[in-house]
Amino acid sequence: MLEKEIISSRQFTIITLLFTVGTAILIIPSSVTSAAKQDAWIATIIGVGLSLLLVKLLVTLGNQTPTLTFTEANEKILGRFFGKLTAIGFILLTFLATGELLFFIGSFMSTEVMPETPSMAFSLLFGIIIIYAAFQGIEVFARSAEILFPVFILVFIIFVVCISPLINFENVQPILETSKKSLFISVIRFMSICSFPLAVLLILFPSAVNVHKSAQKGFYIGTAIGGIVLITIVTLCILVLGPALTSNRTFPSYALAQRVSIGNFLQRVEVVMAAMWILSIFIKTFMYFYASVIGIAQICEIKDHRPLILPIGMTVIGLSQIIHPDIVHSNTYNKEIFPLFSGTVAILLPIVLLIAAKIRNINGSQGNENVTNCNCCPQNASGSNNGNASNNASNSNSQNASNNASDNNSQNASNNASNNKSQNAVQNGSNCNCGNASNNASNSNSQNASNNASDSNSQNASNNASNNKSQDASNNASNSNSQNASNNASNSNSQNSTANASNNNNQNATTNASNNNNQNATTNASNNNNQNATTNASNNNNQNATTNASNNNNQNATTNASNNNNQNATTNASNSNSQNAVQNETNSNCENTTKGQNESTNENPSEN
Amino acid sequence: MIITIFIFITSIVIAFAFIPKLQKNNETKTIVIFSIFLFIGTALNIGIALNLKIPSPVDLITFIFTPIREFIVSLSKQMK
Numbered sequence: 001m002l003e004k005e006i007i008s009s010r011q012f013t014i015i016t017l018l019f020t021v022g023t024a025i026l027i028i029p030s031s032v033t034s035a036a037k038q039d040a041w042i043a044t045i046i047g048v049g050l051s052l053l054l055v056k057l058l059v060t061l062g063n064q065t066p067t068l069t070f071t072e073a074n075e076k077i078l079g080r081f082f083g084k085l086t087a088i089g090f091i092l093l094t095f096l097a098t099g100e101l102l103f104f105i106g107s108f109m110s111t112e113v114m115p116e117t118p119s120m121a122f123s124l125l126f127g128i129i130i131i132y133a134a135f136q137g138i139e140v141f142a143r144s145a146e147i148l149f150p151v152f153i154l155v156f157i158i159f160v161v162c163i164s165p166l167i168n169f170e171n172v173q174p175i176l177e178t179s180k181k182s183l184f185i186s187v188i189r190f191m192s193i194c195s196f197p198l199a200v201l202l203i204l205f206p207s208a209v210n211v212h213k214s215a216q217k218g219f220y221i222g223t224a225i226g227g228i229v230l231i232t233i234v235t236l237c238i239l240v241l242g243p244a245l246t247s248n249r250t251f252p253s254y255a256l257a258q259r260v261s262i263g264n265f266l267q268r269v270e271v272v273m274a275a276m277w278i279l280s281i282f283i284k285t286f287m288y289f290y291a292s293v294i295g296i297a298q299i300c301e302i303k304d305h306r307p308l309i310l311p312i313g314m315t316v317i318g319l320s321q322i323i324h325p326d327i328v329h330s331n332t333y334n335k336e337i338f339p340l341f342s343g344t345v346a347i348l349l350p351i352v353l354l355i356a357a358k359i360r361n362i363n364g365s366q367g368n369e370n371v372t373n374c375n376c377c378p379q380n381a382s383g384s385n386n387g388n389a390s391n392n393a394s395n396s397n398s399q400n401a402s403n404n405a406s407d408n409n410s411q412n413a414s415n416n417a418s419n420n421k422s423q424n425a426v427q428n429g430s431n432c433n434c435g436n437a438s439n440n441a442s443n444s445n446s447q448n449a450s451n452n453a454s455d456s457n458s459q460n461a462s463n464n465a466s467n468n469k470s471q472d473a474s475n476n477a478s479n480s481n482s483q484n485a486s487n488n489a490s491n492s493n494s495q496n497s498t499a500n501a502s503n504n505n506n507q508n509a510t511t512n513a514s515n516n517n518n519q520n521a522t523t524n525a526s527n528n529n530n531q532n533a534t535t536n537a538s539n540n541n542n543q544n545a546t547t548n549a550s551n552n553n554n555q556n557a558t559t560n561a562s563n564n565n566n567q568n569a570t571t572n573a574s575n576s577n578s579q580n581a582v583q584n585e586t587n588s589n590c591e592n593t594t595k596g597q598n599e600s601t602n603e604n605p606s607e608n
Numbered sequence: 001m002i003i004t005i006f007i008f009i010t011s012i013v014i015a016f017a018f019i020p021k022l023q024k025n026n027e028t029k030t031i032v033i034f035s036i037f038l039f040i041g042t043a044l045n046i047g048i049a050l051n052l053k054i055p056s057p058v059d060l061i062t063f064i065f066t067p068i069r070e071f072i073v074s075l076s077k078q079m080k
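Protein sequence lines correspond, in order, to chains A and B. Take the first sequence: its letter number 28 is residue 28 in the working numbering, and every next letter is one higher. Take the second sequence: its letter number 75 is residue 75 in the working numbering, and every next letter is one higher.
Bear in mind the hints are in silico, worked out from the structure with no lab data behind them. If you're wondering where the values come from, they're calculated on a predicted model, not measured in any experiment. Beta carbons are placed, not taken as given, at the ideal position from N, Cα and C, and that holds for glycine.
Restraint-style ranges between C-beta atoms, simulated for each label pair: (1) Tyr220/A with Phe71/B: 30 to 38 Å; (2) Tyr220/A with Lys24/B: 43 to 51 Å; (3) Val161/A with Ile9/B: 46 to 54 Å; (4) Phe81/A with Val32/B: 15 to 23 Å; (5) Ile327/A with Thr4/B: 21 to 29 Å; (6) Arg69/B with Leu52/A: 23 to 31 Å; (7) Leu348/A with Ala43/B: 27 to 35 Å; (8) Pro115/A with Lys21/B: 38 to 46 Å; (9) Gln136/A with Lys24/B: 17 to 25 Å; (10) Leu53/A with Pro57/B: 28 to 36 Å; (11) His329/A with Ile68/B: 14 to 22 Å; (12) Arg268/A with Ile36/B: 44 to 52 Å.
Could you build the full structure based on these sequences and the hints that come with them?
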């Protein structure tokens, strides 16, 4: 089984940026200008604006299934058969696009740079780079994108500065002369190449990015900056070359780079400039190829995609030779058919998925006023052999939502009981052999949220009980063979949050009990064979923070008990074979900080 | 001809590099998918080396989407 590869949100932003620029930087100016003439730059700006809307759609879809890739999400949302069908459609797009991009790089190099060399040579060499990158994995690729990004930006800035003396403003006049229809056509052509394929990034976006929130921002920022780069290129092409020449050339931005001449001395720097689009095409081709490989592996339910890279790579290199017999065929396809094809996969499919997800999972989470018995919406989606039970009992003004989703042999039980102005949300998601139990009981003005997510053989129990103005949040996430128990009990004005995250063979027990004005935060994170027990008990005006993080074979026990005006912070971090026991007991006005860090085979009992 | 033999040898090398390891792990499904793609890839590349005329898969996409495109074009004409 392969380790899950994670990239940072910054790397994701850079990939999004270069992916948006991609092939568009080479071929967009001619196809946009041929329809909208000198107003193509307006079309490009509209296109970038609409791309951001599209990103909004993709982000919303990604948030529906935060742990799954796009192909898995298809299956999850649309069911096994239809999900596979739509996933195959998606793979077809990425697969053909990989071949097409290899064709582009081959035809670009053999028409503009090295006319004597057959285009097969370039496609083969570029294909080998892509295959090698795919073998290294997405993490290595993301780091290389991070390194290549400054080169890209540097070359781009030099390019813009060098070409700006040649600007002739008469080329854009008259402004706004084109009809709405041709403007619309060029917007569609622009979006079909640079922003419709952004759906491919859903392979990475929710599941392989470390910080979800900032990656979401990065998705917008990357698209926006990439769009600005494209707007600049298209505008410069029109300003320098003029609309007629731009639409006649196959690769106008290359022709633009040929014009660079500084004092009749520095000339013919276009191959240096070509580094810019070779970089961006590399990023885009890799993403297409990676999406195809991952997608094919996931459709066929293969755990390790690596063995498939070479055969698929070989097919793709062959495909690049037959996909377009000549550049005319490619131009007609890109102008007439590709917008429809990619539009179907990148706009229609996410919308359908989103609607289906709304209908199946989140349907009607809004409560009604003054319904005495039950304004509940329990949903049970189960594959086989489950016992699901959802009880919502509410008296007034409450919102209760319980979702039980289980695939196999699980027992889910959710109880929401609320008396007054409360919001209870319980989500139980389990795949295999689990017992999940969430109890939310609140009396007034409280928000309780319990999430139990478990993959196999786990027992999760979350109890939120609050009497007054409290916010309770308990998260139990476990992957296998674990027992998680979180209890939040608060009487008034308290914020309790408890998170248990465990991967393997754990026992986590966290208890937050507070009477008055407290903030309790307890985090148990363990990877392997642990027993974690954390208890926060406080009576008055306290801040308790307890973190147990352990990697291997540990027993952690932390107890914070305080009576008055305290700040307690306890951190147990251990890597292997250790036993940690920390007790903080304070009576008044103290600050206790205890840290136990064990590297191996320790026993640390410390008492304050 | 030499290119054909070269492609053939390459695919055999790829097959021998991966299949024994997969067989040891009992991943039959992976071997099947692996072999299918390796076969397609080899056949495709040999076909290209022999200058055979292979229809482009894009033509299939074009065939599917042409009626939709014509429908949209006719719609836009009506709107005018």
